[in-house]
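> Make a model of the complete structure from these sequences and hints.
Listed in order, the protein sequences are those of chains A, B and C.
For the first sequence, our numbering assigns the number 1 to the initial residue and increments by one for each residue that follows.
For the second sequence, our numbering assigns the number 1001 to the initial residue and increments by one for each residue that follows.
For the third sequence, our numbering assigns the number 2001 to the initial residue and increments by one for each residue that follows.
These aren't lab readings, by the way, just hints derived from the structure by calculation.
Ideal Cβ positions, reconstructed from N, Cα and C, are used throughout, including at glycine.
A hint or two may mislead.
Okay, the calculated beta carbon distance ranges per label pair [claimed, not checked]:
#1 A/G343 / B/A1073: 49 to 59 Å
#2 C/A2138 / A/G317: 47 to 57 Å
#3 C/E2433 / A/G182: 18 to 28 Å
#4 B/E1175 / C/G2447: 38 to 48 Å
#5 B/A1092 / A/T418: 47 to 57 Å
#6 C/A2506 / B/G1373: 31 to 41 Å
#7 C/D2382 / A/D372: 33 to 43 Å
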Amino acid sequence: MKRTWSLAPLGVCAFLAAIAIHRPFPLPAGAADSAPDPAVSAATEACLECHALLHPGIVADWRASRHARRTPAQALASEPAARRLSSDSVPAPLADSPVGCAECHALRADEHADAFEHNGVRVHVVVSSADCAVCHAAEAEEYAGNLMAHAFGNLEDNALYRDLQQHILGRTSREGDELSFGAPAEAVKEQACLYCHGTRLAVAGTEERESDFGTMSFPVLTGWPNQGVGRVNLDGSLGSCTPCHTRHSFAIEVARQPYTCKECHLGPDVPVYKVYSSSKHGNLFESQGKNWDFSAVPWKVGADFAAPTCAVCHVSGLADADGGEIVARSHRMYDRLAWRIFGLIYSHPHPRNPLTSTIRSPDGLPLPAALDGRLAAESLIDEAEQARRRATMQGICRACHASSWVEGHFARYERTHTETNAAVSEATRLLAEIWSRGLAAGPDRQGSPFDEAIEQRWCDLWLFYANSTRFAAAMAGGGDYAVFADGQYAQAQVIKDLHDWLSHRALR
Amino acid sequence: MKRTWSLAPLGVCAFLAAIAIHRPFPLPAGAADSAPDPAVSAATEACLECHALLHPGIVADWRASRHARRTPAQALASEPAARRLSSDSVPAPLADSPVGCAECHALRADEHADAFEHNGVRVHVVVSSADCAVCHAAEAEEYAGNLMAHAFGNLEDNALYRDLQQHILGRTSREGDELSFGAPAEAVKEQACLYCHGTRLAVAGTEERESDFGTMSFPVLTGWPNQGVGRVNLDGSLGSCTPCHTRHSFAIEVARQPYTCKECHLGPDVPVYKVYSSSKHGNLFESQGKNWDFSAVPWKVGADFAAPTCAVCHVSGLADADGGEIVARSHRMYDRLAWRIFGLIYSHPHPRNPLTSTIRSPDGLPLPAALDGRLAAESLIDEAEQARRRATMQGICRACHASSWVEGHFARYERTHTETNAAVSEATRLLAEIWSRGLAAGPDRQGSPFDEAIEQRWCDLWLFYANSTRFAAAMAGGGDYAVFADGQYAQAQVIKDLHDWLSHRALR
Amino acid sequence: MKRTWSLAPLGVCAFLAAIAIHRPFPLPAGAADSAPDPAVSAATEACLECHALLHPGIVADWRASRHARRTPAQALASEPAARRLSSDSVPAPLADSPVGCAECHALRADEHADAFEHNGVRVHVVVSSADCAVCHAAEAEEYAGNLMAHAFGNLEDNALYRDLQQHILGRTSREGDELSFGAPAEAVKEQACLYCHGTRLAVAGTEERESDFGTMSFPVLTGWPNQGVGRVNLDGSLGSCTPCHTRHSFAIEVARQPYTCKECHLGPDVPVYKVYSSSKHGNLFESQGKNWDFSAVPWKVGADFAAPTCAVCHVSGLADADGGEIVARSHRMYDRLAWRIFGLIYSHPHPRNPLTSTIRSPDGLPLPAALDGRLAAESLIDEAEQARRRATMQGICRACHASSWVEGHFARYERTHTETNAAVSEATRLLAEIWSRGLAAGPDRQGSPFDEAIEQRWCDLWLFYANSTRFAAAMAGGGDYAVFADGQYAQAQVIKDLHDWLSHRALR
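What follows is the structure, encoded as structure tokens:
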């Protein structure tokens, strides 16, 4: 299987010419100094010989990246506020070469179940968050505390969520008068929920493939491809960095634009991008953002950008025009979040622990609130912690808004929790009556709360409409979207429908 | 409370450096001459000393604006076609300084209920359309004639709209077999309908706040924050300019891009942006708009832009490449609108008067058409006026389309009114039969037409689908959006649902 | 009617100055050489004299185009890989002038039913695909093989589609307990389905119009305006080039951006743009596309662009950074498509013949699959052809993805066909039972399958949700959009609704 690649029958000269000439897109700000690019490692050079021809898009993407144009040692020499890697040091062999193919795909080979011999090097297909942590230790540690890092287990280990998933994705069959849903296949889940939540990767064996270089052997992966936020990697680490730091350019310019968050936060269950793009903030981004600098570290309010993107409020380190810190960067997105506002039946204070499948509500469900809204308070942050997080977020708001504006906005936003939770509560009381009258089979009769038409109509309310209203209140102050597009109008319609269904069926 | 700000313990030098150095974004076209910026007034300089540090985003936004870089006197000296302010003159103290903090926030102090003593100056938090009118008199006067300027009262003073609002926003409760809706709280309305319509601002008292400068006193405002188009201001004036001329940059570049209109014209009740972005016009804007000049006054077809945005057709003054006027600028958006196509049960000729709550339909409702479609003709413009407005709009179309194109387009568009109104009429007949058979409680039995499930289903038709179809016909000529996304497909489905519900319930 | 235009009482000098000075937007790459623009033909110059003043937007659009700045002879001299016209030669009078007004609108005059005498020239209003084919022969021929070229007849000649169209667009009336739908008017169809599918143009007569040049005579066209993909032109040719090569700039930069495809591929029946814009590919386009070169021919992966747009995968010729061909350009979009995934009840292998109205399913319907899913196999491509097309598409994927990624992606995608077709089959069985129990009137009782509420609910599943899921699998790998926005969640809800409706009505 091993080959001497220098003999490879490929147009190496043409390839080198291509590498040398093509700098496809504007260099990232901060990388455009006049110093020549550092030389790649010999291992990476060997990779590039073939892969630049096999996958020109990957290589071009990487060539345009900071990873290709700086060594970790150079990056470590930046002044602290402008440093783009957080590890105190980087081990010697890595520190002095650009971060190329081999630096990541041959890193920590012994830890990766998918590592395989390839041209004399043990490489692995899937780079994990633990690989990235070698240089980006703080971000990896912060991210590990997020709900997102645990998105696979939080879904798959929660019996109620699995039940919901089955009644969305499972194959249906009707026998007599009964409609039933089968357990969804792994391939179906990977295509659906796990696309964003992340799959559990595994090595299923080895396959031989014919290539220009003869028969070669590769691992066969299950759960692949996947770039979900909570992917269970082949070194056992949780989470993937590539959903936001996309592919081989890893560009902070991409991560900071809302299109990145939109990949998973767009549907009616979490209409973040839709609400943002109908807000004043979204308007300014769409109208003027083409002139902003999305790469500056630190990121200066007013100097680099004029209105927030998702990253501004939730992740990025911000400074004023003098470089004075407004808020520290944190990949623990919850540092600025007092509430969890979507995905659950009721909104509630943020969970203390990112592993949510072990939470139990007062009525014994794997949920942060009972069906009647009572909170699993011991699993959730307390008011003092909520206040701290609210204050952190408000500090960002005040960079562009006076205090009375900020306080008025937050008062309305938190009022929205009260209102939407009251609507959910009323709808749930209606469903409970439907169940208690035997018009549908609920948990009291060992029925799934998700397998009948009227139950799914109830889901519409909390899964889509209540949280759409909350998002609109959180980001935009409300408006047309909140009322008419998946917001309060639809919320009222569900309650009327439940009432109409119950009234009619009860008469039967 | 008064302080000598020069003693303020702040990094004033650092601040001044920041102000001097940071010109964050490309200067607006027309402002980028080589002349030095005029000096701000002493009052504004005092404001900036603290607020540049407290709210760097606000100050940076303003620094990038024309307001910061020109004095009214300089602006008045432009040739008439290129003038950006319409008042014949500007009073002396204002005319010779850039339009800074104090020029607006301390203007007409005696008129503003929220004016308060702040560092020796009487300032007010909320700048009103009447403040803007000092320099922009024509725009303020034109805008005052719009439905938008009266959007608060047109909603709140119309009993039928209030009823609809209650059955969307009100809290529900179910007693026995009755579902009822409470009156929505002000905070809920402010978060929802009034976000776009505008709130009624009021001063609720005064509060002391601790600040870096000791305890300070501020007015407490209700209805704040708000930037709705029909906001009732604290000087009694109606309407806000900031929904379109956003925040402290006031940039015409923003107002002329469709993202601004999208803030309130996006949901299914008024899907303007969605239809636009699926039209040929929207395609050209999204594909090529980054190369267009959104700041030129006058705005030259072909030279500055290649396809219309919302502003092109509805507001802006347009010229050909020689500067020959195609259409005059008007902030009376209805100058080019023969029809009102959304928000009401039937489309109809535009109202004569922007105060619509006093209109009465032939059947006595506060609506421009009876439930059976008969028009309140005396309150609506006549055919001659419709023809004038149609001709004005068609003059814009003809800048890029031959006459046969334009006439064919308008013939189809007006046919769409006939068709959608026929569909609404049929649905309303079905609902009337539901009411007359006692299957739901309509106005004939003192019932709300909005509080039952089947009634809200009827609303879907006229509130969402009929007008979506009309918007598609108006802007795009129709297509996939009009048929399948909230258009004719959904319209047909409502009628089938009403029929199915009636047929089934009537059998009971 | 003939006039000597040099005497026209217009500001010709001003016009010429305008033409000379205004180069509104950045020149298309490749056109920006230093050579002076070639002179337009005398005939085109005569057109421009008036029309630049009458329709400045059209003329400016054209002035910015390659058509205005190159002659066909110059374009033919490009090296083959960079040629932008495919005809081997262009007839002499056309070859040596830029492609101006007269070159297209007076071309093949005898073939066009709308040709009319205008200032001494026989011109036609509507330029057809056969006109474009004079210079772009290969594209016209390729395009003629597409379903799109036949989109008018494929809709209008299919009785089942006409029936669906009638029950969406037709006027409803209710007599007794029967709801009926009239045949939709031509104007309504032109506004709706035919906007994208294309109208059948016809000349209805001649009209006189008063103009600045006296009374002039023009043809009256029915079906106009229209720019649908399958327009039946007045020379008998099928298809229009302007839906993608928009209006008078004909810019490849526009055609290659996804906003063009979005014009017709946006609604829930074909949510291509929505899915794309929530995918990683869409994210990269929206975040970084402003720096890409959309005009290069050939189009180099990595050098010109970093992620696919619609055109990359479906139409464009692609090369690696050295110019080595990755895939040949083809306006036969199906060359890369193994499946047809929308618009029909079941997804299925692509039809062999673009004329689909003659296809008959095993149960005798004008459909590629029976109501129970059995394929009209003899009308569809076989597995070998599917494999060829899949391989062509995968070759594009591999420019940026390793083989295991590509294979994993396609395995999941094709699994999605199995799953969505199973869901459609289950829903159809439910509807068949509804029909067989006489609860609705289906084809077995000479009823339309589209005229009752429960039938349209069944349509929702296959017309919207099954294909949304497939598009998400095809383009993005799935995720939030596929599950919650018109995908699997909604698919499950339809099945539950059909079951609930049947169970309840059967009890009656």
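> Run every hint past the structure and note whether it holds.
So, going through the hints one by one against the coordinates:
1. At roughly 57 Å, the beta carbons of A/G343 and B/A1073 sit within the given window of 49 to 59 Å.
2. About 54 Å separates the C-beta atoms of C/A2138 and A/G317, a value consistent with the hinted range of 47 to 57 Å.
3. The beta-carbon spacing between C/E2433 and A/G182, approximately 20 Å, falls within the hinted interval of 18 to 28 Å.
4. In this structure, B/E1175 and C/G2447 meet the distance hint of 38 to 48 Å, their C-beta atoms being roughly 43 Å apart.
5. Between B/A1092 and A/T418 the Cβ separation comes to about 52 Å, which falls inside the hinted range of 47 to 57 Å.
6. Between C/A2506 and B/G1373 the CB atoms are about 39 Å apart, so this pair conforms to the stated range of 31 to 41 Å.
7. The supplied range of 33 to 43 Å is broken by C/D2382 and A/D372, whose beta-carbon atoms lie about 59 Å from each other.
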